Amino acid sequence: MHLDPPRTALLDDIRAAKPLFWRNPNRVSAAAALPKLALTADDMYAAQARLERFAPVVKQLFPDTRSSNGIIESPLRPAPTLAATLQSEYRLPFTPRIVLKCDNELPVAGSIKARGGVYEVLCYAERLAVESGLLNAADLAAADYRLFNQDNAHQLFSQHTITVASTGNLGLSVGITGRALGFKVEVHMSHDAKTWKKRLLRERGAGVIEHRGDYSAAVLAAREAGQAQPRVHFVDDERSQELFLGYSVAALRLQKQLLQLEGAQYRDAPLDFYLPCGVGGGPGGVTFGLKHVLQDRARCYFAEPTHAPCFLLGMLSGRSGLHVSEYGLDGLTAADGLAVGMPSPLVLPMMQQLLDGCYTCADQQLMRLAFLLWQAEGVRAEPSATAALAGPLLRALQPDSDADAGSATHICWLTGGAMLPEQDFYAILERGQRIT
Numbered sequence: 000m001h002l003d004p005p006r007t008a009l010l011d012d013i014r015a016a017k018p019l020f021w022r023n024p025n026r027v028s029a030a031a032a033l034p035k036l037a038l039t040a041d042d043m044y045a046a047q048a049r050l051e052r053f054a055p056v057v058k059q060l061f062p063d064t065r066s067s068n069g070i071i072e073s074p075l076r077p078a079p080t081l082a083a084t085l086q087s088e089y090r091l092p093f094t095p096r097i098v099l100k101c102d103n104e105l106p107v108a109g110s111i112k113a114r115g116g117v118y119e120v121l122c123y124a125e126r127l128a129v130e131s132g133l134l135n136a137a138d139l140a141a142a143d144y145r146l147f148n149q150d151n152a153h154q155l156f157s158q159h160t161i162t163v164a165s166t167g168n169l170g171l172s173v174g175i176t177g178r179a180l181g182f183k184v185e186v187h188m189s190h191d192a193k194t195w196k197k198r199l200l201r202e203r204g205a206g207v208i209e210h211r212g213d214y215s216a217a218v219l220a221a222r223e224a225g226q227a228q229p230r231v232h233f234v235d236d237e238r239s240q241e242l243f244l245g246y247s248v249a250a251l252r253l254q255k256q257l258l259q260l261e262g263a264q265y266r267d268a269p270l271d272f273y274l275p276c277g278v279g280g281g282p283g284g285v286t287f288g289l290k291h292v293l294q295d296r297a298r299c300y301f302a303e304p305t306h307a308p309c310f311l312l313g314m315l316s317g318r319s320g321l322h323v324s325e326y327g328l329d330g331l332t333a334a335d336g337l338a339v340g341m342p343s344p345l346v347l348p349m350m351q352q353l354l355d356g357c358y359t360c361a362d363q364q365l366m367r368l369a370f371l372l373w374q375a376e377g378v379r380a381e382p383s384a385t386a387a388l389a390g391p392l393l394r395a396l397q398p399d400s401d402a403d404a405g406s407a408t409h410i411c412w413l414t415g416g417a418m419l420p421e422q423d424f425y426a427i428l429e430r431g432q433r434i435t
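Straight run, no breaks: the sequence shown in numbering that gives the first Met the number 0 ends on number 435.
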């Protein structure tokens, strides 16, 4: 395993699809980086307020949010058995304190995309309601948002279409939410998308348009289709500020969960976050929020497949238009949610001085980690999500591992998996069990 090599060797390892860990030499303090960004903490708090306004209707539409009163949130769960298992299997020099952020269990869509995707659909619905007179823009805080589940609102939304491109999970979150409100929904899916995700979307009444190309090609097709039709809203995974802000709200809620979880001995320890990354919107939004809330106590690392490290290449080159194929990589991976060839032109510049680092994982390791996670903790996660678990391993195995890596809390953001069909999940477990 090659860790923190010099730049030339690093690029050689990327071309060879070798797992690696990279620290961002351009990172500065959160206090220095955040004021340079176009989005602010006020934008994040406004997003939180909007989600709270919508909570009553979310509770009506989605029974799995009733226990949380319409707030779409996931548990923060210590994983001591997994930590001991990883220490033994990988012969780590210490047993990391691992905590799981279980977005694989998020209501509505079972993935981190239930944050950004749901939020953008709600933003669009709110704008249409204001424009049509269903809502008074001057008094949104006092409005009863259960009106969004009434016939006149459904009739209004049925005249509009939401379109999105996805490898799977974003399409599910947008499709499920859009259809629940009465929108027409079209989901453009790349060749990486799993059959069960397409089937679920069609069962909910969404149109699924399949493409032979990769994710970037599906985005282009969806964007062009949206521009060519009236009354169409395109959810742009590469450029949407609304998606980004929807993800960022997670940090505000996590802060409260940490206060409940952390003992006094951990209260000042570093918090290392490992975030699976496709185009970058989800992990970028979460990182933006964490740096606002926790400042430099939060150290954030993006996880990518060895065959699709688009964000790492973007960080190294500064080019959002760079495709992984320029480095001889095919972009093919079992981690379908991370099978992305180019990073977000919105998020990449925002992370240049904010992100602490990136690392890459091989598919075999993702499968093995899915098996170990299930065996140790009984937690169901897809390969895209288990990329988060490789982070503590790579940190611990670095020759120049941080002096405080052993005392840090390692928070692995599990981004999806609860909705995996039994047959698909057990196929992952069988493959992971065979790997040694």
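By construction, these hints were calculated from the structure, which means they are not laboratory data. Some hints could be false.
[To be verified] In silico DSSO-like pairs for lysine-lysine, Cα to Cα no more than 30 Å straight-line:
1) K35 x K193
2) K58 x K183
3) K255 x K35
4) K193 x K183
5) K35 x K197
6) K17 x K183
7) K183 x K197
8) K183 x K35
[As the list claims (entries may be wrong)] Taking CB as the label site, the calculated pair distances span:
9) A31 x Q374: 42 to 48 Å
10) A268 x T194: 42 to 48 Å
11) P34 x E325: 31 to 37 Å
12) S324 x E209: 20 to 26 Å
13) K255 x Q351: 25 to 31 Å
14) A45 x T94: 14 to 20 Å
Note that the structure is a prediction, hence the values are computed from the model and not measured. Every residue gets a Cβ at the ideal spot worked out from N, C-alpha and C, and that includes glycine.
Taking the hints in turn, this is what the structure says about them:
1. K35 x K193: violated (39 Å)
2. K58 x K183: Within the cut-off at roughly 21 Å; holds.
3. K255 x K35: holds (27 Å)
4. K193 x K183: Roughly 22 Å between the alpha carbons, so the hint for K193 and K183 holds.
5. K35 x K197: At roughly 40 Å apart (the allowed maximum being 30 Å), K197 and K35 break the hint.
6. K17 x K183: Given pair K17, K183 is violated - Cα atoms ~43 Å apart, limit 30 Å.
7. K183 x K197: Cα-Cα ~16 Å, so holds.
8. K183 x K35: Violated, at roughly 38 Å.
9. A31 x Q374: 42 to 48 Å: holds (43 Å)
10. A268 x T194: 42 to 48 Å: holds (43 Å)
11. P34 x E325: 31 to 37 Å: At roughly 33 Å between Cβ atoms, E325 and P34 fall inside 31 to 37 Å, so the hint holds.
12. S324 x E209: 20 to 26 Å: holds (21 Å)
13. K255 x Q351: 25 to 31 Å: holds (30 Å)
14. A45 x T94: 14 to 20 Å: Violated, at about 41 Å.
Against the hints set out earlier in the document, violations occur for numbers 1, 5, 6, 8 and 14.
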